[in-house]
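Engineer: Line by line, the protein sequences are chains A and B. Following full-length UniProt numbering, the residues of the first sequence are numbered contiguously, the last one being 188. Following full-length UniProt numbering, the residues of the second sequence are numbered contiguously, the last one being 188.
Keep in mind that a hint or two might mislead.
Just a sample of chain A residues kept apart from chain B, beta carbon distances all over 10 angstroms, derived [to be verified]: (1) Gly7; (2) His34; (3) Ile54; (4) Asp59; (5) Glu78.
Partner residues aside, some chain A positions facing chain B, computed with beta carbon under 8 angstroms [what the hints assert, rightly or not]: (6) Gly19; (7) Tyr20; (8) Met23; (9) Arg30; (10) Lys33; (11) Ile37; (12) Ala42; (13) Ala85; (14) Ala87; (15) Leu88; (16) Glu92; (17) Val94; (18) His160; (19) Thr162.
List time: in silico DSS-like cross-link candidates among lysine-lysine, alpha-carbon distance up to 30 angstroms [what the hints assert, rightly or not]: (20) A:Lys27 - B:Lys117; (21) A:Lys27 - B:Lys27; (22) A:Lys122 - B:Lys109; (23) B:Lys27 - A:Lys71.
Worth flagging that the hints you see were computed from the coordinates, not collected in a lab. Built from N, CA and C at the ideal position, the CB exists for glycine as well.
There are 2 protein chains.
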Amino acid sequence: MNTISYGILGIINAHSSSGYDIMNYLKPFREVKHSQIYRTLANLEKDEFVTSEIVEQADKPNKKVYTITEKGKEVIEEWFYQPNAPALLRDEFVLKAFLVGLQDKAEAKQLFNERIKYLEKKARVCNERLDILKADCDGVLTDFQTLEFGRYILLQQLLHQTYVDIRWCQWVLDLLDKDKLNFLTYPF
Amino acid sequence: MNTISYGILGIINAHSSSGYDIMNYLKPFREVKHSQIYRTLANLEKDEFVTSEIVEQADKPNKKVYTITEKGKEVIEEWFYQPNAPALLRDEFVLKAFLVGLQDKAEAKQLFNERIKYLEKKARVCNERLDILKADCDGVLTDFQTLEFGRYILLQQLLHQTYVDIRWCQWVLDLLDKDKLNFLTYPF
DNA sequence: GCGTTCATGTAACTGGTTACATGATTTG
DNA sequence: CAAATCATGTAACCAGTTACATGAACGC
Numbered sequence: 001m002n003t004i005s006y007g008i009l010g011i012i013n014a015h016s017s018s019g020y021d022i023m024n025y026l027k028p029f030r031e032v033k034h035s036q037i038y039r040t041l042a043n044l045e046k047d048e049f050v051t052s053e054i055v056e057q058a059d060k061p062n063k064k065v066y067t068i069t070e071k072g073k074e075v076i077e078e079w080f081y082q083p084n085a086p087a088l089l090r091d092e093f094v095l096k097a098f099l100v101g102l103q104d105k106a107e108a109k110q111l112f113n114e115r116i117k118y119l120e121k122k123a124r125v126c127n128e129r130l131d132i133l134k135a136d137c138d139g140v141l142t143d144f145q146t147l148e149f150g151r152y153i154l155l156q157q158l159l160h161q162t163y164v165d166i167r168w169c170q171w172v173l174d175l176l177d178k179d180k181l182n183f184l185t186y187p188f
Numbered sequence: 001m002n003t004i005s006y007g008i009l010g011i012i013n014a015h016s017s018s019g020y021d022i023m024n025y026l027k028p029f030r031e032v033k034h035s036q037i038y039r040t041l042a043n044l045e046k047d048e049f050v051t052s053e054i055v056e057q058a059d060k061p062n063k064k065v066y067t068i069t070e071k072g073k074e075v076i077e078e079w080f081y082q083p084n085a086p087a088l089l090r091d092e093f094v095l096k097a098f099l100v101g102l103q104d105k106a107e108a109k110q111l112f113n114e115r116i117k118y119l120e121k122k123a124r125v126c127n128e129r130l131d132i133l134k135a136d137c138d139g140v141l142t143d144f145q146t147l148e149f150g151r152y153i154l155l156q157q158l159l160h161q162t163y164v165d166i167r168w169c170q171w172v173l174d175l176l177d178k179d180k181l182n183f184l185t186y187p188f
């Protein structure tokens, strides 16, 4: 089984969910397309890790809600003890930053100034999501054994990583303005 | 053309390189397997963005060195002005952190304590690579228009992102020890 | 001689994306 | 009545991984 299968199974274990629900849970932390989720759910059901039933909704289209089986609980329990696969980052900006020397100074500065704008927007989205989360919990986080706790800590991580990235971009812009570069200590 | 093709082409533009060289340049910032690089290089040559020649080496096996063509320079120049594809992060730890509530407190703490160990090792590797870079440049970074500048700024980024991640893990461990959680401001 | 680093390639597979396809319900 | 959101699926394609395959040069 692959990582996304475990992630989906874990969410269903936390509470029974539809493919659409799962997509929305995962989106903030893991890019995922609905086509992949529905395909994976079909496989999980085929392997008897989950069962499904149609739940009729009055105000919205009906949904197919998946529930974990005993067999599914066993594999998810085991997964937590397995070592983590190395993280995979694929970021076009990182490649451009690495190759920044191919550009002239004005182009280079533009690359980082645009990045700052992008990151500031990302930070705003994070803060908005934190506000939504607070509203979802009526302002109180009582227990860590909820999916809300996971959402909360990961949103905080994302937010502060973004802040560091912004400061890093500003540091690079300062470097680009210097006549004589050197191996400067990163200022924080 | 995909992102990795542009990255490889950009490196060859900076200076003519073999597949093996390219792999080592990319490794610290972008996980990539040699099989993908050699396949991509063959495609870039087929499309006449690069040319190749065998360079004989006395002390090592011969290598196939690729050089960019005029046609290749045009596409790489254009690439810099294109908007960046959204970054893609796939991290098994993030999924486990999201689902941390499925575990008991002891297991949860273990997850983050192990993560800290992993991140501390990552920070050490970053610092080692920074030392190697300094040695490669004889202690002086004169110009931003070198691949060394790109290596330098990205290693600094990675290092400081890692430091923030460590502090974040410690914050989560503190949270897990609290009896009454709440939406605490992240302490920095 | 054995392990490591340097060096290059191909073939099969699979995870993930893009595009195709449909339809209910709500809000403006 | 149009757009947005909710909701679910399939098929074709391709990027990237894993495994297979080879071999030179060097240090111990």
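Engineer: Against each hint, give a clear statement of whether it holds in the structure.
Structural biologist: Here is how each hint holds up against the structure:
Distance check on Gly7 of chain A: its Cβ comes as close as 4 angstroms (rounded) to a Cβ of chain B, failing to clear the 10 angstroms threshold; non-interface status is violated. At roughly 17 angstroms from the closest C-beta of chain B, the C-beta of His34 of chain A stays outside 10 angstroms, upholding its exclusion from the interface. No Cβ of chain B comes within 10 angstroms of the Cβ of Ile54 of chain A; the nearest lies about 26 angstroms off, and the non-interface call holds. At roughly 28 angstroms from the closest C-beta of chain B, the C-beta of Asp59 of chain A stays outside 10 angstroms, upholding its exclusion from the interface.
With 10 angstroms as the threshold on Cβ separation, the claim that Glu78 of chain A sits away from chain B holds: the shortest Cβ distance comes to roughly 12 angstroms. Interface hint status for Gly19 of chain A: violated, as the beta-carbon distance to the closest one in chain B is roughly 17 angstroms, over 8 angstroms. Because the closest C-beta pair between Tyr20 of chain A and chain B is about 18 angstroms apart, greater than 8 angstroms, the hint is violated. Checking Met23 of chain A against chain B: minimum C-beta separation of about 14 angstroms lies over 8 angstroms; hint violated.
The restraint placing Arg30 of chain A at the interface with chain B holds, with a minimum CB-CB distance near 7 angstroms, inside the 8 angstroms limit. Violation of the interface hint for Lys33 of chain A is found here, the shortest Cβ-Cβ separation to chain B being roughly 12 angstroms, above the 8 angstroms cut-off. Because the smallest distance between the Cβ of Ile37 of chain A and any Cβ of chain B comes to about 14 angstroms, over 8 angstroms, the interface hint for this residue is violated. The interface hint given for Ala42 of chain A is broken, as the beta carbon of that residue sits about 20 angstroms from the closest beta carbon of chain B, more than 8 angstroms.
Nearest Cβ of chain B to the Cβ of Ala85 of chain A: about 5 angstroms, under the 8 angstroms cut. The hint holds. Satisfaction of the interface hint for Ala87 of chain A is found here, the shortest Cβ-Cβ separation to chain B being roughly 4 angstroms, below the 8 angstroms cut-off. At about 4 angstroms, the closest approach between the beta carbon of Leu88 of chain A and any beta carbon in chain B falls short of 8 angstroms, and the interface hint on this residue holds. For Glu92 of chain A, the interface hint holds, since its Cβ comes within 8 angstroms of a Cβ in chain B; the closest pair sits about 4 angstroms apart.
Hint status for Val94 of chain A relative to chain B: holds, with the closest Cβ pair at about 5 angstroms, below 8 angstroms. Because the smallest distance between the Cβ of His160 of chain A and any Cβ of chain B comes to about 6 angstroms, under 8 angstroms, the interface hint for this residue holds. Restraint check, Thr162 of chain A versus chain B: the minimum CB separation of about 10 angstroms is more than 8 angstroms; hint violated. Taking the CA atoms of Lys27 of chain A and Lys117 of chain B, the gap is near 28 angstroms; set against the 30 angstroms cutoff, the hint holds.
Distance hint between Lys27 of chain A and Lys27 of chain B is fulfilled; the C-alpha atoms sit about 27 angstroms from each other, no more than 30 angstroms. The suggested pairing of Lys122 of chain A with Lys109 of chain B holds, with an alpha-carbon distance near 29 angstroms, which does not exceed 30 angstroms. For the hint pairing Lys27 of chain B with Lys71 of chain A, the CA-to-CA distance comes to about 39 angstroms; that exceeds 30 angstroms, so the pair is violated.
In terms of the numbered hints stated before, the structure departs from hints 1, 6, 7, 8, 10, 11, 12, 19 and 23, listed from lowest to highest.
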